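Dock chain B against chain A, hints included.
The listed protein sequences correspond, in order, to chains A and B.
For reference, each letter of the first sequence is one residue, going 1 to 523 in this note's numbering.
For reference, each letter of the second sequence is one residue, going 1 to 874 in this note's numbering.
Be aware that a few hints might be false.
[To be verified] Restraint-style ranges between C-beta atoms, simulated for each label pair:
hint : chain 1 : residue 1 : chain 2 : residue 2 : range
1    : A       : Q319      : B       : K701      : 34 to 42 Å
2    : B       : K598      : A       : D59       : 41 to 49 Å
3    : B       : N255      : A       : E318      : 36 to 44 Å
4    : A       : E318      : B       : S327      : 34 to 42 Å
[Claimed, not checked] Calculated cross-link-like contacts (lysine to any residue; reagent style SDA-like; alpha-carbon spacing at most 25 Å):
hint : chain 1 : residue 1 : chain 2 : residue 2
5    : A       : K43       : B       : K666
6    : A       : K321      : B       : P661
7    : A       : K321      : B       : I837
8    : A       : K321      : B       : L842
9    : B       : K245      : A       : A312
10   : A       : K330      : B       : F592
11   : A       : K330      : B       : E658
12   : A       : K497      : B       : R277
13   : B       : K667      : A       : Q33
14   : A       : K262      : A       : K277
15   : A       : K500      : B       : K245
Since the hints were derived computationally from the structure, they do not count as laboratory data.
Model, not experiment: these values are computed from the prediction.
Don't be surprised by glycine CBs; every beta carbon is placed ideally from N, CA and C.
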Amino acid sequence: MSRMYDSMEPKVIDDDMLKLAVMEQGPQEEAGQLAKQEGILFKDVLSLQLDFQNILRIDNLWQFENLQKLQLNNNIIERIEGLENLTHLIWLDLSFNNIETIEGLDTLVNLEDLSLFNNRISRIDSLDTLVKLQVLSLGNNQISNLMNLVYLRKFKCLRTLSLSGNPITEAEEYKMFIHAYLPDLVYLDFRCIDEQVKELAKIKHQFSIDELKHRENVMELRAEEEKAKKDMLEEHKLAFIEYLNGSFLFDSMYADDTEGNKLSYLPGVNELLEVYKDKFVIICLNIFEYGLKQQEKRKIELDTFNECMLEAIHENQEQGKFKIAKFEEKHMLNLSAIREETDLPTIEKKIVECSEDINELFNVLMTLEMQLVEQLEETINIFERNIIDLVGTFIENVQGLMAQCRDLENHHHEKLLEISINTLEKILKGELDEDLPDSVRALFVDKDTIVNAVGASHDIHLLKIDNREDELVTGINTWCTHLVDKIHRDEITRNRKRVKEINQYTDHMQSELDNLEFGDIID
Amino acid sequence: MEVLKEKVEEEEAAEREEAAERAERAKTEKMMRPGEPRKDENFMTQEMLRDLEKKVSEIVIPSVEEPVILTQDLIDTSNLPPSYKSNSTKEEHLLQVADNYSHQYSHLCPDRVPLFLYPLNECDVPKFVSTTIRPTLMPYPELYNWDTCAQFVSDFLTMVLLPDPLKPPSHLYSSTTVLRYQKGNSFDFSMLLCSMLIGAGYDAYCVNGYGSQDLCHMDLSREVCPLTMKPKEIIKSEEKQPPKKYAIKPPRDLNSKFEQDQELKKQLQLKAEEEKRRREEEEKLVEEEKEKPDPLHGLRVHCWVLVLSGKREVPESFFIDPLTGRSYPTQDDHFLGIESLWNHRNYWINMQDCWNCCKDLIFDLGDPVKWEYMLPGPEKHRLALSEEDDETLNDEDDVEDLGKEDEEKSFDMPSSWVMQIQISPEAFETRCPNGKKVIQYKKAQVEKWAPYLNNNGLMCRLTTYQDLECTKVLEIKEWYQNREDMLELKHMNKTTGLCIDYFKSGHPQALRVHSYKSMQPEMDRVMEFYESARVDGLIKREETPKTMTEYYTGRPDFLSYRHINFGPRVKKPTQCTADSNPRPIVKITECFHRNPAKSADEDVAERVFLINEERIQLRYHRREDHITTSKREFLRRTEVDSKGNKVIMTPDMCISFEVEPMEHTKKLLYQYETMMQLKAAEKVSRHQAWESELEVLEILKLREEEDEDHTLTISIYDTKRNEKSREYREAMERVLHEEHLRQVETQLDYLAPFLAQLPPGEKLTRWQAIRLKDECLSDFKQRLIDKANLIQARFEKETQELQKKQQWYQENQVTLTPEDEDLYLSYCSQAMFRIRILEQRLNRHKELAPLKYLALEEKLYKDPRLMDLVKVYA
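Isolated chain A (complex conformation) (with noise of 0.2 Å):
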């Protein structure tokens, strides 16, 4: 830092350096002369030049939406801050500054030239989600670390890339290293790669690659599968059947139930467990089976539906499109009638006539609306009733389905009581040839308690099929409400659209022809 920004006072971004700056790297001459008259808002300027201001820290800037390029270079600016509502930003200079880390850059999305030359960087980060990063310039900063520049593989549109300056740079095997490293390369530091040489690198660090190759693969393939493993939840979840195609709710019923798993000790009830486990699987199972396939229905309905629903919109489009078009072609030769009759009362009855077009033209596609409006009313409520139908169907054979769960349930519970008291009965009798837990032989002090420990374990058992049952009912009377509500608020809102669409067309032709008759009369 040669420059002594200790003789000049820092600035701050401020709205009149932000005006000047616009007003100086705005629209020139005849065009400057109207931007001056209007005055440019800050939301429409594309481009911006704060450069050798001596600006210490970025500020102000959120007003500036739709910005594309900034540059931010030769001043003393310490920290990247304040650029996140900057969105579109395409380039962004920050050179020959003072900052220490790469920050704040997360939102630059669409950021594909960024400058950070001549600063204090020790090392390369936080750039993950600028995916669309080309250019990368970091030269004259100090990055050490070799190994930091395989982070710059995750970029794949990177092309050009200067670290010139920094500590790196004098390795020995800098150069070799990036270009095997980053194949993609085409410009290093102001240089063009050679094919040969980048040949000759990617021979020579072709074992490290590969296996980094190999662990990316890896990654790569972990991140996929659970991708995959997500949506099929995401699928089953659609379907309001999640984790039933499996043991899931058998093995939660006994998660928390610390008498059941206790009584599973007692002889015999091992195998009944067993037995019970199996047909209450089967019938999960069942149950998952039957849900995809509604869902799959319930799919299907709905995709017909939508078709239907945009065909006819379509179709109603095309026809006020034509209807439109038919006027259109008339208006303008009336209008060109109109302008070229000098005739006063001929004049003004050719307005009327022209004006009775317009409120015809309206009352047309007014119509139009109207009866599609109607139509689409009648097939929403078909649809409605139907997919109620549906989900009605849906629900009342999963009950049943669960009812055969409870049944089982019951049927266990009433095996394991049997089993308890007989075994509580052995106990009291000193027959019993096993050894049991302590914490289990504590259950067989009388029959109340062991009673009650089985009844405790069923009602959690009983319990859990119920929530089940609940959450299955709930989650597809709330889709089925919330998918109906919806198809009628959009159905509002195009309806509301078209008409407001409808009104500001005539209107605006009815007042292309208020001001031609305007015209005229001062002609």
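Chain B in isolation, oriented as in the chain A frame:
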């Protein structure tokens, strides 16, 4: 033969029983000459027959005076091989068999005409018809399929009518002769085509039968020209989808059903009337076109080719008329009856009744009841049995057959006496005799030429006429080939005057179709282009006197259409041509495709520059869910305000309607910038329009030039026509020849005569070698000296004579006549010339002699026989 014999026996048996005999007679009666009208059969008396004959002879006379007849005296038989001039013993035997066969046949079927079995050939030798077929596979891939092959035969030969239209010809020439003279009757045509088809692997037969007049006279004037036939349009029946579950219900129809019905009825009635009228007209037309009844119907002898299904994936048997090369189904009306048919292996007589033309004939040659064969050939035509039960029976028969075959295998058809069919590549390319052929169709005429015959590349011309008499030309289509400007087809409509040129890809201006009425610029015309070959993606340019419309595709600026309106040309005082004084442009309309990268409100769909009104209209693309589009209109008039300052931009200079009003577009700055861009765009568009006009002029000029000089391209593989490649080839040959000569020279052995003096087989000693070398050299030296002396002597002699003559002249100069003087002078000049040449030769010899000597010495040093010996010594 077997079957015939059996039949004879049968008949003898039948003779004993009268009833049977009657039945037999009925049978033979049924076998009357086919095709003849049946009702006459019973009432035909001698007188009537005589009458008919008389009539026939009367009618035949005019057709005899056809000019082209290949008579026998015209044929040069001297170069033909002996097989043409005599019969081998086997052939003699065959003729005896045939004779026997024919006798039996005439005995059994006395009512039928004699068989066409062994006509005379060009050397007046009787030859059996089957041996005249010479199966040959032609070396031209084009002749591998039956359709092209038949077309070739019909193009290649000129048709000559039969000497007697009611009888098969007395002579049947070999294909060699027919091909040499490129003339022949239907029998010659059929034999040639049959030979080629059998050679190409088809199951083909020559058929001797009866044809309609049109067929026999190769008269296609009642046939629709195949070139005028349009390919049938495939009507795509749109599948009507069942209405979807949620399809909206249509709004209620409030129109009266009754009125609609009435309207419909009325229309139907009208339509029916029109239909009726049209049908009547059609009938009238058909009536007109109908041929005059032919008095010789069913009697005209014709020969054609039958191709049976089976081989070469032919799905169904069909006829080929060799004169026209067209194929017909076996049920066709033109073929009125079959007497017999043959291929290179056998001969069959048709035993079926032909009262219904050939429609009921069954071509199962293995069936001896339907087809009487002459030779029990080695490959038997199997009788097609319909019932499965017969299979076992058939197997037994097979065993018997095998035995029989062994017995009778003693005789089969001798190989053909004709030489292999040969057609030179030149003749093949020229195709038609003299390279030109004209065919008359119904309301159409086709002319064909060989490639490169016309210097403008014309290959085929189809003239379509309005009437049957071919007087009013409707349209002309001309096909071209090998043209440098890639012109493929020229279509001229004479009634509208419209010309359409079609080009193959490769025209310098990427022209595809050019339709025009006149070659003058600024007239109605349409040009279509190969858009992929053009940088600007132009597909089509339409012009009328006042407008020009261009269609584009695949452009990066999404331009799809540009329409230019021109105003009347401003008269300038100076004389101006079209390109220096372009017509003023009144209006330019440009349409653009949707640019997916832009939002609909910013993507211009239509741009209109009203140049005279100084207005620019913009229409944007429609948004997906809207029915209206944004519009903007700019007045680009520059105005001056009250203070005299130029007004840059005022709100009323831009009227805009926006579907979704946006803030930034309301700004004057935005409007100003848009207008500036539009001004620039207008300039570009005007320039484009001007360039398009220039291009049209250029293309027209180019077309005119091309039409005038019409150079033809010659493929680099065409060694005969390609001048360059021929020169190159000849140069190569010359070089090869010279190389060969040089090799011969290098092999010349100077030492041979000297080595011959030495005893053979002994190794040379050093002394001998040196002596050999010296001798050789001295010999050569002597030769050189001799030669020099010879030249010298001649030179001296010539000089002396000249001196003598001069002396004589000086002495007698006074008394000489002018003629003598002339003689003397001419002698002098000649002598001087000779002397000078001799002098030159002498000088040259003196110069070259030492060099030649040294060269020989060098060569001898290097000679392997002397080398080591001489070298050491040297």
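Each hint tested on the structure:
Q319/A and K701/B have their C-beta atoms about 50 Å apart, which leaves the hinted 34 to 42 Å range violated. Roughly 34 Å separates the CB atoms of K598/B and D59/A, a value that falls outside the hinted 41 to 49 Å. Range check, N255/B to E318/A: Cβ separation about 22 Å, and the 36 to 44 Å hint is violated. The supplied range of 34 to 42 Å is broken by E318/A and S327/B, whose beta-carbon atoms lie about 51 Å from each other.
Proposed proximity of K43/A and K666/B is supported: the alpha carbons are some 14 Å apart, at most 25 Å. With a C-alpha separation of about 20 Å, the suggested pair K321/A and P661/B falls inside the 25 Å cut-off, and the hint holds. Under the criterion of a C-alpha separation no larger than 25 Å, the hint pairing K321/A with I837/B is inconsistent with the structure, at around 102 Å. Proposed proximity of K321/A and L842/B is contradicted: the alpha carbons are some 106 Å apart, above 25 Å.
Restraint check for K245/B and A312/A: satisfied, since their Cα atoms lie roughly 13 Å apart, inside the 25 Å limit. Distance hint between K330/A and F592/B is fulfilled; the C-alpha atoms sit about 23 Å from each other, no more than 25 Å. Taking the CA atoms of K330/A and E658/B, the gap is about 21 Å. The hint holds against a cut of 25 Å. Among the hinted pairs, K497/A with R277/B is inconsistent with the structure: their alpha-carbon atoms are about 57 Å apart, more than 25 Å.
Restraint check for K667/B and Q33/A: the C-alpha separation of about 13 Å stays at or below 25 Å, so the hint holds. A threshold of 25 Å between alpha carbons decides the hint, and for K262/A with K277/A the separation of about 17 Å falls inside it, so the pair holds. Simply put, K500/A and K245/B have alpha-carbon atoms about 31 Å apart, too far for the 25 Å limit, and the pair is violated.
The structure is inconsistent with the numbered hints 1, 2, 3, 4, 7, 8, 12 and 15, although it conforms to all the rest.
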